[in-house]
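One line per chain: the protein sequences are P and H, in this order.
Sequence positions in the first sequence follow this note's numbering and run 11 to 478.
Sequence positions in the second sequence follow this note's numbering and run 11 to 478.
The set of hints was computed from the structure by calculation and includes no laboratory data.
Don't take each hint at face value.
If several chains are the same, the list does not tell them apart, and a pair holds so long as it fits within one copy or across any two.
Unchecked claim - Computed list of lysine-lysine pairs in DSSO-like fashion (alpha-carbon distance at most 27 Å, straight line): (1) K220 to K164; (2) K224 to K395; (3) K220 to K395; (4) K164 to K228; (5) K145 to K224; (6) K164 to K395; (7) K228 to K395; (8) K145 to K164; (9) K164 to K452.
So the chains spell out like this:
2 protein chains.
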Amino acid sequence: MIAAGLIDALREVVPDGVLTAAEDLIAYGFDGTFYERTPPLVVLPSTTAQVCAIHRIATARRIPLTPRAMGSGLSGGAVPLDGSIVLGVSRMDRVLEISVDDGVAVVQPGVITAHLQALVEARGLFYPPDPSSLKQSAIGGNVAENAGGARALKYGVTGDYVLALEVVLPDGTPIRTGGRTVKNVTGYDLRRLFTGAEGTLGTITEITLKLLPKPRVKRTALAVFDRIADAADASTAVLAAGIAPAAIELLDALTMRCIAENGVTGLPLDADAILIFGADGNHESVVNEDIAAIGAVARAHGARTVTVAGDDAESERLWNARRSISPALARRRPNKLGEDVCVPRSKVTAMVARVRAIAAEHRLEIPLFGHIGDGNLHPNILCDKRDPEEMARVAAAARAIFEAAVELGGTLSGEHGIGLLKKQFMELDVGTDALALMRRIKAAVDPLGIMNPGKIFPEPGGADAFRL
Amino acid sequence: MIAAGLIDALREVVPDGVLTAAEDLIAYGFDGTFYERTPPLVVLPSTTAQVCAIHRIATARRIPLTPRAMGSGLSGGAVPLDGSIVLGVSRMDRVLEISVDDGVAVVQPGVITAHLQALVEARGLFYPPDPSSLKQSAIGGNVAENAGGARALKYGVTGDYVLALEVVLPDGTPIRTGGRTVKNVTGYDLRRLFTGAEGTLGTITEITLKLLPKPRVKRTALAVFDRIADAADASTAVLAAGIAPAAIELLDALTMRCIAENGVTGLPLDADAILIFGADGNHESVVNEDIAAIGAVARAHGARTVTVAGDDAESERLWNARRSISPALARRRPNKLGEDVCVPRSKVTAMVARVRAIAAEHRLEIPLFGHIGDGNLHPNILCDKRDPEEMARVAAAARAIFEAAVELGGTLSGEHGIGLLKKQFMELDVGTDALALMRRIKAAVDPLGIMNPGKIFPEPGGADAFRL
Numbered sequence: 011m012i013a014a015g016l017i018d019a020l021r022e023v024v025p026d027g028v029l030t031a032a033e034d035l036i037a038y039g040f041d042g043t044f045y046e047r048t049p050p051l052v053v054l055p056s057t058t059a060q061v062c063a064i065h066r067i068a069t070a071r072r073i074p075l076t077p078r079a080m081g082s083g084l085s086g087g088a089v090p091l092d093g094s095i096v097l098g099v100s101r102m103d104r105v106l107e108i109s110v111d112d113g114v115a116v117v118q119p120g121v122i123t124a125h126l127q128a129l130v131e132a133r134g135l136f137y138p139p140d141p142s143s144l145k146q147s148a149i150g151g152n153v154a155e156n157a158g159g160a161r162a163l164k165y166g167v168t169g170d171y172v173l174a175l176e177v178v179l180p181d182g183t184p185i186r187t188g189g190r191t192v193k194n195v196t197g198y199d200l201r202r203l204f205t206g207a208e209g210t211l212g213t214i215t216e217i218t219l220k221l222l223p224k225p226r227v228k229r230t231a232l233a234v235f236d237r238i239a240d241a242a243d244a245s246t247a248v249l250a251a252g253i254a255p256a257a258i259e260l261l262d263a264l265t266m267r268c269i270a271e272n273g274v275t276g277l278p279l280d281a282d283a284i285l286i287f288g289a290d291g292n293h294e295s296v297v298n299e300d301i302a303a304i305g306a307v308a309r310a311h312g313a314r315t316v317t318v319a320g321d322d323a324e325s326e327r328l329w330n331a332r333r334s335i336s337p338a339l340a341r342r343r344p345n346k347l348g349e350d351v352c353v354p355r356s357k358v359t360a361m362v363a364r365v366r367a368i369a370a371e372h373r374l375e376i377p378l379f380g381h382i383g384d385g386n387l388h389p390n391i392l393c394d395k396r397d398p399e400e401m402a403r404v405a406a407a408a409r410a411i412f413e414a415a416v417e418l419g420g421t422l423s424g425e426h427g428i429g430l431l432k433k434q435f436m437e438l439d440v441g442t443d444a445l446a447l448m449r450r451i452k453a454a455v456d457p458l459g460i461m462n463p464g465k466i467f468p469e470p471g472g473a474d475a476f477r478l
Numbered sequence: 011m012i013a014a015g016l017i018d019a020l021r022e023v024v025p026d027g028v029l030t031a032a033e034d035l036i037a038y039g040f041d042g043t044f045y046e047r048t049p050p051l052v053v054l055p056s057t058t059a060q061v062c063a064i065h066r067i068a069t070a071r072r073i074p075l076t077p078r079a080m081g082s083g084l085s086g087g088a089v090p091l092d093g094s095i096v097l098g099v100s101r102m103d104r105v106l107e108i109s110v111d112d113g114v115a116v117v118q119p120g121v122i123t124a125h126l127q128a129l130v131e132a133r134g135l136f137y138p139p140d141p142s143s144l145k146q147s148a149i150g151g152n153v154a155e156n157a158g159g160a161r162a163l164k165y166g167v168t169g170d171y172v173l174a175l176e177v178v179l180p181d182g183t184p185i186r187t188g189g190r191t192v193k194n195v196t197g198y199d200l201r202r203l204f205t206g207a208e209g210t211l212g213t214i215t216e217i218t219l220k221l222l223p224k225p226r227v228k229r230t231a232l233a234v235f236d237r238i239a240d241a242a243d244a245s246t247a248v249l250a251a252g253i254a255p256a257a258i259e260l261l262d263a264l265t266m267r268c269i270a271e272n273g274v275t276g277l278p279l280d281a282d283a284i285l286i287f288g289a290d291g292n293h294e295s296v297v298n299e300d301i302a303a304i305g306a307v308a309r310a311h312g313a314r315t316v317t318v319a320g321d322d323a324e325s326e327r328l329w330n331a332r333r334s335i336s337p338a339l340a341r342r343r344p345n346k347l348g349e350d351v352c353v354p355r356s357k358v359t360a361m362v363a364r365v366r367a368i369a370a371e372h373r374l375e376i377p378l379f380g381h382i383g384d385g386n387l388h389p390n391i392l393c394d395k396r397d398p399e400e401m402a403r404v405a406a407a408a409r410a411i412f413e414a415a416v417e418l419g420g421t422l423s424g425e426h427g428i429g430l431l432k433k434q435f436m437e438l439d440v441g442t443d444a445l446a447l448m449r450r451i452k453a454a455v456d457p458l459g460i461m462n463p464g465k466i467f468p469e470p471g472g473a474d475a476f477r478l
C-alpha cells in the first residue's frame, strides 16, 4: 500500500515523526463526523522546513496529503481519503509572539484555541473566535475551516482575525501572505483564499491573528420559551431593536434532554426551547442595560422567564452546557449527522419550523441548536450508521434540510466547512459556474491535485449525500 | 484603432451607451492619480445582461476591458491601458433593497457611497466604510479597491461588509458568490478574491452589503501637538489603553496649510500636527467617557490642547476638513503622488519620522496625513509631472517610502489598491512566490488576460515606479 522508499524518505526529514503502526494510525482516521478512513501513514513535522520537505516528497511521488490539526472538525475535512497520508501539525504548537503594542499574536497551527485565549486574556487582550470545540481544537484547523462560534454574532469568525498566513504550497514552496497590519490590499487576498480552503490548497504553518482589547464586563442571560417559534422570533427581535449581544444561542427541548442525560443539571427540561444571551463591554452599567433590554424583548416575545447569571461561575456553567452538546449527542445514539446551515435573520423562524417538520416526516430525532443570532443552526440528525434503512432516511432528511436552507436564501455551511459531508450539495448552493471557477482555482494552486483529495468538490454522478 | 464592427456590435447591446467622440472619451481616461490614458471607446451598460454581452464581445475579439465606477480611485486602477475599452457602470446606480430584518443592502455598483449611507441611516442602519471620496465614489469602485476610510479603525474596510457579489467573469458568465448571511464557508471565498482585485478578474454587477445598527451618539475631539512624534505616540497609547475610538486621523502642518490655502478655517496652523479622534456608541455617558479618556491620554503624550466638538455641525466641519485634503493638495502643486502605506501600530512613530527624513533628503514637499490609528498613512508627494528632474526625485522618494514601510513590517497599500501606481513594487512586498501564485490565479480566472490589463502585476524589467 505504501510506495517503496516513502517511509525512508519521510524519516530522513522527520526521524522520530513517521507513524506506520496500525494502532497509531487509527487515531488519525476520523474527526467529529462519523467518517473513518485509516491513513496508510502519518507524518508529524515540527518545523516549516520539514513541512516543505514533506510536500516536495509528496509532489515528486504524486502522493496525496491531508493536513490535520486536532481532528475535531465537523465536516470530514481532516479525514484522509484516496490513500492520503496525514500531515499532522500537532507538534507545531508554539505561541511565537503576543504583541500588546501591535495587537497581534503569531502562532503555529497546532496551538489549542482555548490555550491561546487564556494567554492573551492574561495580557488584557482578547481573541474572540470561540468554536464550541475550543478546548480541543487548534488554530490551524480553525483557520482551515474558518470556524465560528457563539461570539461570531458580535465579533465575526476566525477569518476576520487572520492578518497573515505562512502557507506551504503543494509543491513545497512556502509563501507568506498578509502582515501585521489590520489593513492590507496589496494584491489578491490570498489569506482569505487559504482560510476556509480546508487544506485543499496547501498546509498552513504559521498564523498571525488580530487581537482586541479584552472587554471588562460580561453577562449571560437565560430565556425560557414554551414554543420554539417564539424563541426564534425573540432572537430576531433583539437584533432588530439595535441591541448588539455578543451571542444568542438556541437549544431546543431534545438538545436539553441529551445534555441532561449526560449529566448537565439545572436546565428547564419542560420548555420547548431556551435562548442563552451573552453581552459584553467595558462599562458595567451599559452591559447591564443591554441585558435588561434583551430580557424585555424576550419577554415581549413569549419568554416565560428570563434570568441573568449571578456571577462568572453561573455564566460559565451555562456556556459549558452549551459546549457539551456535540459530545452529548454522540452518546444518545451511536452516530450523528451534524448540519451547519445558515439562513438570513428574517428566515430563522421559518427554518426552525422546517427542521421540525423534516424530523417528523422522516421519523428521525433531530436535536436543534446553534448560533441563532446569526442564523447559523446546527440540526443534528441522530442515527446508527449500521442501519441502512435509517441511513436512507437520514440522507433524505439531510437533503431536505439543505434544500430548505438554500430556498430560504441561506447556505450549506456557516462555520464547519464542506469537507466530505456536504460536498455533494455544493452545486445546489453555489451554482454550476461558481463551482467551475473554484475548480479552476484549485487546479491553478494544486495542479497535481495532491492536497486533501475528495473534499469540497462533488464527485461526478454522485447524488449520494455521504459515503460512509 | 477600433476594430471594425466593434462599435456596431456594442451598439446592438447598448444602443444609447457607446461613446466614441474624443470629447466624451477624455473624461474616462483618468482617476485620482496623475495618470491619463484616453480609451478608444466607452460602453455604459444598464443591466447585468448587457455587461455579460459586452464581455462576450470582448472575449470573442480579444479586446481588453477596464471596468470603471466613478473613477475617483487613487492607484490608477480605473485608468485604461493597452487599448482597453472602458466598461463604465455609472448607469447601474440603483439601490435594489434595504432590509432592516436581515440587516443588508443590495446595490448596483454605480451607487454613490454617501447616498447609500444616507438611505440606510434614515432607516436606523449604518454602513460604516467611509473613504474620504465618499461623496464622489461608488460602491462598485469601493469593492474593487477594497476601500477603507477613517472609521475602518473600529469598523473594518469595505470587504468586511461584502456578503455577496454578482460578478461577470471575463468570458461573460455571471456568477453569484456569498449570500445574505453573515457566516458562509461554503467553498472558496470568492467574494474576497474579487473584492480588491481591481477589476482584473471580472466586472462586479451587484453587491450585497452587511449593515449594522446606527450608533446613537457620536463625538469628535481635536488634539493639537507641537511635535508630530508626540501625536504618533499618543495615537498608539490611546489604543494600548484599551479604548476603541471609531477613528484617529493625523494631519501634519503642511497638510493643514494646504487645506487652509483652500479655504478651510479654524485649524491651528502653528502646530506641527493634529489628531482628530472620533468615538461613537449607543450611550452618551460612555461615549463622553471614552472621549475624556482619549483626551487624557493625548495630553499625557504632549497634546497642548484637546477640544471636543460642541455639536454635530462643528464635528462635521472637522471631518469635512479632513475629507478636503486630497482635492486641496492637488491645488498647491500641479500634481501629487499619493501613497497609502500601512505599518504595524508600534511602528507608526518611526514611519512618520522616516517620511519626514525622506522629504528632506529628496527636497520635496510631502504633506503627511492619514488613518494613523490603524497605521495607514498617506504621505503625498507634491510635484509637477512636466519636470523630469523633480520627477526623478519623486520616484526615488516613493521607492524610499515603500522600502521603509516594508522594512517596518508594513505594506504598500492599506486601502487604495496597487493599480498602476505601485505595481512595480509588488514583489518587494509580497515576495516572488506569492506574486507567482497571484499570476496563476489571474490566469485561471482570466485566461485571455482581457480584464484591466497592466494593473497589480509588475512589468518585466521595469524598476520604474510609474509610467507617466
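Those earlier numbered hints the structure runs against, lowest number first: Checked against the structure, the hints that fail are numbers 2, 3, 6, 7 and 9, while the rest are satisfied.
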